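Dock chain A with the ligands against chain V, hints included.
In order, the protein sequence lines correspond to chains V and A. All the letters of the first sequence, read from the start, carry residue numbers 0 to 219 under numbering that gives the first Met the number 0. All the letters of the second sequence, read from the start, carry residue numbers 0 to 386 under numbering that gives the first Met the number 0.
In case anyone wonders, no lab produced these hints; they're calculated from the structure. Among these hints, one or two may not hold up.
Stretch-level coverage of chain A by chain V, calculated; a stretch enters the list once three of its residues show a Cβ under 8 angstroms from a Cβ in chain V [said to hold, decoys possible]:
id, region
1, 15–22
2, 296–303
Result set (EDC-like, lysine to aspartate or glutamate): computed pairs, CA atoms no more than 20 angstroms apart in a straight line [unchecked claim]:
id, chain 1, residue 1, chain 2, residue 2
3, A, LYS374, V, ASP56
4, V, LYS23, V, ASP7
5, A, LYS374, A, GLU285
6, A, LYS374, V, GLU75
7, V, LYS23, V, GLU217
8, V, LYS23, V, GLU60
9, V, LYS187, V, ASP66
10, V, LYS187, V, ASP160
11, A, LYS374, V, ASP76
FRET-style restraints, in silico, Cβ to Cβ [to be verified]:
id, chain 1, residue 1, chain 2, residue 2, range
12, V, ASN170, A, ALA27, 26 to 36 angstroms
13, A, MET281, V, ARG137, 14 to 24 angstroms
14, A, ASN277, V, GLU77, 30 to 40 angstroms
15, V, ASP66, A, ASN277, 41 to 51 angstroms
16, A, ASP209, V, THR113, 57 to 67 angstroms
Small disclaimer: the values here were computed from a predicted structure and weren't measured. Backbone N, C-alpha and C fix where the C-beta goes; we use that ideal spot for every residue, glycine too.
Single-letter residue listing:
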Amino acid sequence: MSVIALNDVVKRYQTGHETVEALKDVDFRAERGEMVTITGPSGSGKSTLLNMIGLLDTPTEGHIRLDGRDVTDFTEDELTEERRSEIGFVFQDFHLLPMLTATENVELPTMWDTSVDRHDRAVDLLHRVGLGDRLDHRPDQLSGGQRQRVAIARALINEPDILLADEPTGNLDQDTGRTILEELTRLKEDENIAIVSVTHDEQMVGYADRVVQLIDGEIQ
Amino acid sequence: MGITELLWRFPSAQMAWRNLGRNRIRTALASLGIVIGVISIASLGITGVAIQQQATSDLGSLTNEVTITSGEDSTTAGVTADQVDEVRNVAGNVDVVPQYSDATTISSRNGQEENVSVIALTQANVLYDVSAGESPERLQSGVLLTDSTANQLGIEIGDPIEYNGQMYRVRGLIESDQGFGGGGRGQLVVPESALSDRDNYDSVTIVTEDGDAATEIAAILRDHFNEETHNGEVDEELSITDYSDVQENINSFMNTLRLALLGIGSISLVVASVAILNVMLMSTIERRGEIGVLRAVGIRRGEVLRMILIEAAFLGAIGGLAGVLISIVIGLALFQVLAGDAVIVFEWESARYLVYGFLFAIGASVVSGLYPAWKAANDRPVEALRG
Ligand SMILES: Nc1ncnc2c1ncn2[C@@H]1O[C@H](COP(=O)(O)OP(=O)(O)O)[C@@H](O)[C@H]1O
Ligand SMILES: [Mg+2]
Chain V
0 MSVIALNDVV
10 KRYQTGHETV
20 EALKDVDFRA
30 ERGEMVTITG
40 PSGSGKSTLL
50 NMIGLLDTPT
60 EGHIRLDGRD
70 VTDFTEDELT
80 EERRSEIGFV
90 FQDFHLLPML
100 TATENVELPT
110 MWDTSVDRHD
120 RAVDLLHRVG
130 LGDRLDHRPD
140 QLSGGQRQRV
150 AIARALINEP
160 DILLADEPTG
170 NLDQDTGRTI
180 LEELTRLKED
190 ENIAIVSVTH
200 DEQMVGYADR
210 VVQLIDGEIQ
Chain A
0 MGITELLWRF
10 PSAQMAWRNL
20 GRNRIRTALA
30 SLGIVIGVIS
40 IASLGITGVA
50 IQQQATSDLG
60 SLTNEVTITS
70 GEDSTTAGVT
80 ADQVDEVRNV
90 AGNVDVVPQY
100 SDATTISSRN
110 GQEENVSVIA
120 LTQANVLYDV
130 SAGESPERLQ
140 SGVLLTDSTA
150 NQLGIEIGDP
160 IEYNGQMYRV
170 RGLIESDQGF
180 GGGGRGQLVV
190 PESALSDRDN
200 YDSVTIVTED
210 GDAATEIAAI
220 LRDHFNEETH
230 NGEVDEELSI
240 TDYSDVQENI
250 NSFMNTLRLA
260 LLGIGSISLV
270 VASVAILNVM
280 LMSTIERRGE
290 IGVLRAVGIR
300 RGEVLRMILI
310 EAAFLGAIGG
320 LAGVLISIVI
330 GLALFQVLAG
340 DAVIVFEWES
350 ARYLVYGFLF
360 AIGASVVSGL
370 YPAWKAANDR
380 PVEALRG
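Chain A extracted, bound-state conformation:
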């Protein structure tokens, strides 16, 4: 027995281990509660992480963008070329992409039709990543089309598409899952010239380094364009939207969700520790005479106390270990399904819930063992031996 030899120098631990071995079924049942508790804590925590990662990746690149449209109090429809220049000046060294929007129907050679939204702009590469073909820095001729739409209609790179009475060749296929917009209908990205007969741009997109920069620039632009009037109202010339609020909302929602999941997990561990309390109490009452003998032959109260506490800790450790192993399997499956990458479970962000679960298991078990241990250690040996 390897463990027994290892424990030889730690008599309390050695005795505790032997005691657990005496009634394996009871030991297993007591640990089972802890196993379930740990699985609840760990896998619920990990689920929270997985959902959050999923949500954040769905939000995608949008968080570093600022979108500008005509404001409520604007005297013009859309965003004027002058306003775009002013935005460029104020925003500084970032990509500012003005665009027109429209909608159209594209048909395939065999007569199948798809409704798409149309965006007319020049700096295509700033906003669109392609899965095939190219996304030009200056889109002068040709178009980009969402790849899923192209697939549906059997359109390939180089095929012609008619829009507004003109023929364009497809130069690139846009990755379909980009940001919120990707989920709905497809997009057709055309050169600015296709809609330049319009007076004003429909919107302007600013792409910045990251979410913080986007928030900052949005604030500067709001200050600049939307002055407060003397009666305290804001004169909204341009409507300026950034996504930091959305991100923040998602984060706070996720935190709430995670706390709720952890709460549920903790409740199951509390239930588990009541089970351990019960088992430890039963087994110390059963062994009352035995513990009386220990005390009679000179084993100190502290030594008896330690022995029983370690017994409880072992129960927690056994259950905790089993729970962690099972949770890893659950986590691997979860991340495989949600993120397509099972080993994310070993990253600290989610792995820490395994650690929390394990520590909580041992902690809860030791706390549950306190009363039985104290009771057994302070039982007077005469009384214990009388039975």
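Just chain V, same shape as in the assembly:
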């Protein structure tokens, strides 16, 4: 069963008198252990699609299934619970909290669950992304590539089924970008998760198991 499936999803934005149809009848699915890369020109609806997959936004029409469960009509609080347990996010500009150490940033998504201590997993994940010697460094003491590794570790702390990455290499140079992609490929297999990423980066397309081309809100 697909870990995430979108059926006939339409997303319209109302700005003033104008209606923008950002997604038009999109069907999309992703499986565990698979890296799907979404490409397309700017404004084609890539981020909008990724937000739907990540349960950050709800479709105007169509259905979203998470592990076979229809979550289309979930309330914001119910969606929050799903994101908390099933989904990990990596953003283009990392979005780490500046006052927290690398380890604390990784623990952040589970910080409010005082019943489980994810400290050991956080340390383990940081070791696995090659930051075993940077555990107590703050973001401003880390390079861009190191920050993105912290962000990847953070995305995995809750043992998600899906990892979503919006232009994860967008702010990194070629070499660093490549190491991040290798990291993601390895983690995809180790953790048996679906990775859905959005990119302009030709290099990144090379690492994908499957490429989805989006133009004007339509999958080609």
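Same frame as chain V, now just chain A with the ligands:
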């Protein structure tokens, strides 16, 4: 970091504390408003207490006294011996001290002169406390003199004073700051015999247990002596004065004053909470993306809300604590000056304003944090992340 470890079990508090640490100057400035607000509330409240204590102690022992003089409609001048006996009967088991009054000039050996009022009575000890010598139960011979007057004229215990052509020895020096009368000119207390050639007493002083007893006895005496005539007017045989009215007036004035001072203090805290509202709003808008990330990775709305409210509460607590400490210093100084006893500030009567100030600070801060917290918690993560 001790506090951080302590807060580990309370993630919202932990995050709030870290957030405040990010911009210390802003945190300090936001708290400063609260500091000033708390100082206003606490020190104005304490000032009220200090002034009230001062006023009450100035009023001194007078509140348990009833003073009787000849009434408006009396047929005699002064209070007659018969009336005094009747007062004794009606008033019961209290000290009733009839007295004559007069005025004279006392001169020292080197020719310096002081005007004093003269009181002739027997039970000196009921009305006068002495700072030196004795205040006799029955003043038969000798006199008492206010100690400040004695000081000025260089008169000591045992020195002779001439009054009405007779010589008296000074037996005791009266403490100068007794009641209202103490402030003005000095008093010379002589035996009743010195003025017993007069027909009637000038006044009678009744000394009771306390203010309530004085009020009660005054009422009984008024009932007894001042009968209502058939046309509804009161036939005032004796004028009977107690000081409960004065005390009450002072109390109600003090309450008004205290409310006014607290009002001023509260206004400054309201201003302070507007400052906190502004700072919290600014910092949540600045951190919009960050809060969006929190929400995206599954932090619940309630958790974000709590985090920001606790941030506001911490601001209030930091400012409140500083304000309380400064207010204690101000209070210590105030009571040292007004009452000569600095530690009165720790008595509940005044210490409670420190508590009020602190609670008000936290309350006002949390209320100010409500809107920014609600706004941040309900911001849709997609929008927040788009910037
Ligand atoms: N919140 C929004 N309100 C209005 N229009 C939006 C909003 N989000 C996206 N859009 C529009 O939807 C289209 C797709 O945007 P987006 O998904 O961000 O494209 P991409 O990520 O491929 O550059 C664009 O035309 C964009 O202007
Ligand atoms: Mg985009």
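>> Check the hint pairing LYS187/V with ASP160/V against an upper bound of 20 angstroms on the C-alpha distance.
In response: Status holds; Cα separation ~10 angstroms.
>> Can you tell me if the region 296–303 of chain A counts as covered by chain V, using C-beta to C-beta distances under 8 angstroms and a minimum of three residues?
In response: Since three or more residues must qualify, the claim that chain V covers the region 296–303 of chain A holds, with 6 doing so at under 8 angstroms.
>> Would the hint linking LYS187/V and ASP66/V be met if the CA-CA limit is 20 angstroms?
In response: holds, 17 angstroms
> Is the Cα-Cα distance between LYS374/A and ASP76/V 20 angstroms or less?
Replying inline: Roughly 16 angstroms separates the two Cα atoms, so the pair holds.
> Is the distance from the Cβ of ASP66/V to the Cβ of ASN277/A consistent with 41 to 51 angstroms?
Replying inline: With a Cβ separation near 45 angstroms, ASP66/V and ASN277/A satisfy 41 to 51 angstroms, so the hint holds.
> Does LYS23/V pair with GLU60/V here, judged by a C-alpha cut-off of 20 angstroms?
Replying inline: Holds: LYS23/V and GLU60/V sit about 9 angstroms apart, inside 20 angstroms.
> Between LYS374/A and GLU75/V, is the straight-line Cα distance small enough, at 20 angstroms or below?
Replying inline: Distance ~15 angstroms between LYS374/A and GLU75/V Cα, so the pair holds.
>> Please check whether ASP209/A and THR113/V have a Cβ separation lying inside 57 to 67 angstroms.
In response: holds, 59 angstroms
> When you check the alpha-carbon spacing of LYS374/A and GLU285/A, does it fall within 20 angstroms?
Replying inline: With Cα atoms ~13 angstroms apart, LYS374/A and GLU285/A stay inside 20 angstroms; holds.
>> Count the residues of the region 15–22 of chain A whose Cβ falls closer than 8 angstroms to any Cβ of chain V, and tell me whether that reaches three.
In response: Since 4 is at least three, the answer is holds.
>> LYS23/V and GLU217/V were given as a pair; does the straight-line alpha-carbon distance stay at or below 20 angstroms?
In response: holds, 6 angstroms
>> Please check whether MET281/A and ARG137/V have a Cβ separation lying inside 14 to 24 angstroms.
In response: holds, 23 angstroms
In summary, this structure violates none of the numbered hints.
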